[in-house]
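Q: These are the residues of each chain, in order.
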Amino acid sequence: MGVRTSRWAEAWRDLTQSLRLTPFWMRLAYQRVRGRYQRLSLGLIWHPLSYAFVVISLGYMWAAIMGREASYFMPYVAVGFATWFFISNAISGATDIFNGARRHIMARPTPLMMFIFERTAANLMAFFLEAPLFFLVALLVGRDFGWIVLLALPGLGLLILNAIWANLFFAIAVARFPDLGEMVRNIMRIAFFFTPIIWSVDVNPRVENVSQWNPFYHAVEVVRAPFMGAPPDRISYIVVSAIAAVGLTLTIPMFVYARRRVPYWV
Amino acid sequence: MARLVLENVVMEYPPLRRSFVRSLADATRKRAPMTFALNNVNLTLEDGDRVALLGPNGAGKTTLLSVMAGIYPPLRGRVTIEGTMETLFSISAGVDRELPGHANINLHLRRLGVTGKEAKEARAYIAELSELGGKLDSPVHTYSAGMSMRLAFAMAMATDPEILLIDEYFGAGDRAFQEKARAAMLEKVEHSRIVVFASHNPRLLESICNKALIMNAGQVQDYGDFEPVIARYLESLREDPKVSRKDMMETAGAAEPPSLILTPSRRAASLKSQASGDTPSCAAISAAGESGAAFFSALGELARSADMTLIDIPAMFAEQGVKPAARVTSLREDAPATGALLTGMRGWPAFGSSVLATGKVAVLIRDPRELAAEFWLMESGLAEGGLDRALAELDDQKPSRLPAAIAAARGLYETLAAGGAYSRPGIALFSAEAAWADPEGAIRAIAGHLGLAADDQAMKAAAAAFAPPALRSPMSALRANEQGQIRMALNRIARELGYHTPEPAR
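Chains as they are written, first to last, in the working numbering: chain A, 1 to 266; chain B, 1 to 506.
Hints may contain errors.
What the hints assert, rightly or not - Selected chain B positions facing chain A (Cβ under 7 Å, derived; list incomplete):
| id | residue |
| --- | --- |
| 1 | Ala69 |
| 2 | Thr87 |
| 3 | Arg111 |
As the list claims (entries may be wrong) - Have a look at the derived ranges for each label pair, beta carbon to beta carbon:
| id | chain 1 | residue 1 | chain 2 | residue 2 | range |
| --- | --- | --- | --- | --- | --- |
| 4 | B | Asn40 | A | Ile187 | 41 to 47 Å |
| 5 | A | Gln17 | B | Asn42 | 26 to 32 Å |
| 6 | A | Glu182 | B | Gly48 | 49 to 55 Å |
| 7 | B | Thr142 | A | Leu136 | 35 to 41 Å |
| 8 | B | Arg76 | A | Leu153 | 46 to 52 Å |
These are computed hints drawn from the structure, not numbers from a lab.
Each residue gets a CB set at the ideal place from its N, CA and C atoms; glycine is no exception.
Turn these sequences into a full structure, and let the hints guide you.
A: Next up, the structure:
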């Protein structure tokens with residue numbers, strides 16, 4: 001464990017140790033999701049329940065505002081919201097990963113990737129708790145998804161890959177520069193309105209063109225499009241894969257460099 | 001074989017955490033100023049090393065432990081860890097108060113990667129040690145503070161690593177549990193190959209450690225066998241005017257009887273070496289068991305080894321004809337005495353015990369030409385860390401919150417000593433600076449302690465000697481002749497109480 005061990009070897013050991021601790025961080029992730037509803041008698045059921053409340057009321061209202069039929073727009077909102085939460089949690093939610101794990105980090109030598117996996121897993125669990133609503137809402141408005149929804153899975157896989165690097169990137173960046181956290185959260189709040197979640201791009205061609213430049217649009221599309229009955233655009237897959245590739249390429253060396261310093265920063 | 005090696009370890013602190021704007025600003029400068037949390041630390045620990053880690057607050061103890069654990073990778077230098085390691089730093093950190101005890105235990109075992117049969121055994125052990133039983137099914141937030149503490153502690157004790165790093169943590173639960181906790185702790189230490197233990201509790205350190213490491217300002221000030229290092233350390237603290245009394249108190253150890261780490265004060269040392277040409281050695285003893293008899297015999301050992309005069313207080317009382325039979329009993333058994341403090345020549349506590357489990361004991365000592373020491377009697381109301389608090393309050397200039405008996409008595413002693421009334425070896429009774437603010441109270445308190453009624457002849461005589469204004473002024477505010485009057489009065493009391501009359505100064 002000497003310092004002369006290379007940073008890369010140390011980072012690799014961090015990763016393998018983190019993977020070895022999978023049962024531990026899976027449990028922590030579950031507890032993170034469960035914890036919010038800990039003392040309630042309905043417990044975890046509150047999560048899909050709250051989600052149903054938001055999605056059904058907002059879906060219904062925005063269908064009316066957008067002048068779209070509810071049978072299309074309510075599932076659209078239901079899937080889009082959950083996907084957006086997953087994406088935005090990987091960014092603005094990541095800002096407190098290391099600072100929030102301070103007591104763990106300082107109490108004993110702990111691999112850091114564990115906390116990235118833990119947070120990604122927690123966000124994924126939340127997503128899967130919301131997913132049944134996609135189908136319930138579809139049932140409610142009499143829409144049949146069909147087998148094409150299975151195409152959402154590879155899309156989700158790409159998002160998970162992106163979520164891992166985004167979680168890592170923002171966790172490290174904010175540990176180093178705490179002020180970034182506020183900045184990032186503000187940007188993500190606005191990004192929500194710039195991304196077609198409660199509106200759709202087909203309102204007019206200009207909006208559709210501009211949205212092509214919004215990476216969040218493509219990220220949402222790779223999961224949402226299959227639910228809307230069409231495979232996602234090839235361009236969406238390309239954009240999301242490219243972001244994953246670039247993100248991982250940038251973040252891995254960043255982690256290798258920052259790993260030894262994070263305990264000092266938090 | 002476990003090993004823990006630190007080579008030229010350097011750490012900067014506060015490490016690189018600055019605001020964004022500051023960071024940019026710093027980046028434009030050549031180099032930000034550095035302070036070292038650890039400066040060039042070299043250390044090799046091997047099987048069988050049980051190291052007491054001591055040093056004033058801010059000396060780098062916790063940082064050093066974190067570096068040893070691998071939590072802080074050192075910025076320069078090298079740390080080599082061979083062997084399984086466990087840290088007991090903040091043992092409650094891993095407890096989720098929303099989860100039941102069982103779930104917390106499982107989570108903890110997963111964190112440690114303990115599975116299968118080993119995990120089952122650990123669970124049983126934790127349940128047994130924590131004494132929580134069926135309560136483990138309830139969420140931790142329904143526990144009392146003592147129960148949560150017991151759970152956290154038992155969890156921490158569940159495994160046997162080769163290298164064990166401990167940051168001060170003791171004080172779990174009630175007294176019955178304390179004993180159990182101690183036993184568990186010792187067992188865990190027994191099972192490990194290397195232990196580094198940062199604590200202010202010398203009794204615990206004494207019973208565990210064979211080496212001592214003194215940190216000061218990020219550097220190793222001293223390292224080696226336990227007793228000589230501790231002796232040098234206490235000595236160095238005494239000579240350092242910046243060390244607060246409270247620090248000293250903590251270091252000298254307040255919490256537990258009947259243990260004693262005793263170092264002759266500098267002045268005593270010089271006096272003694274003048275007298276005999278010897279350098280007095282430090283003596284550290286610990287008495288097993290809690291009986292007063294064991295304690296006194298341990299003190300006897302100490303006295304012999306340090307070549308000091310040991311005075312058994314009960315015997316002393318008897319010898320002086322103070323008819324304190326009842327009082328003596330109460331010193332050794334049950335109330336009101338619940339603590340004792342042994343101080344060095346300059347008033348630094350060398351040994352303190354604020355909580356004597358059964359109110360037994362009260363100590364010894366003193367030959368003013370050897371080891372100057374005194375003891376304080378504590379009222380039973382001061383049990384449970386009371387002495388530490390009392391001292392802290394003294395430091396905070398809030399003596400009014402001290403029980404009058406303690407507050408008052410020191411003044412009397414100091415007066416007697418300063419007036420030369422007291423050159424014979426004997427005991428110094430009671431004390432505290434506060435007495436200087438209240439000589440009248442001092443007289444009354446000491447008389448009370450010795451079982452004299454307020455209308456006792458000696459009391460009356462003493463009081464009569466005081467000019468009324470002087471009685472209400474702090475001693476230090478009085479003119480020399482007024483001080484002299486008071487001293488005379490106090491001397492008179494001393495005589496009345498059966499103490500010897502002053503001998504001419506030699």
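Q: Are the hints correct? Go through all of them and say.
A: Do the hints match the structure? See the list:
no.: 1; hint: Ala69; in the structure: holds, 5 Å
no.: 2; hint: Thr87; in the structure: holds, 5 Å
no.: 3; hint: Arg111; in the structure: holds, 5 Å
no.: 4; hint: B:Asn40 - A:Ile187: 41 to 47 Å; in the structure: holds, 45 Å
no.: 5; hint: A:Gln17 - B:Asn42: 26 to 32 Å; in the structure: holds, 28 Å
no.: 6; hint: A:Glu182 - B:Gly48: 49 to 55 Å; in the structure: holds, 52 Å
no.: 7; hint: B:Thr142 - A:Leu136: 35 to 41 Å; in the structure: holds, 36 Å
no.: 8; hint: B:Arg76 - A:Leu153: 46 to 52 Å; in the structure: holds, 49 Å
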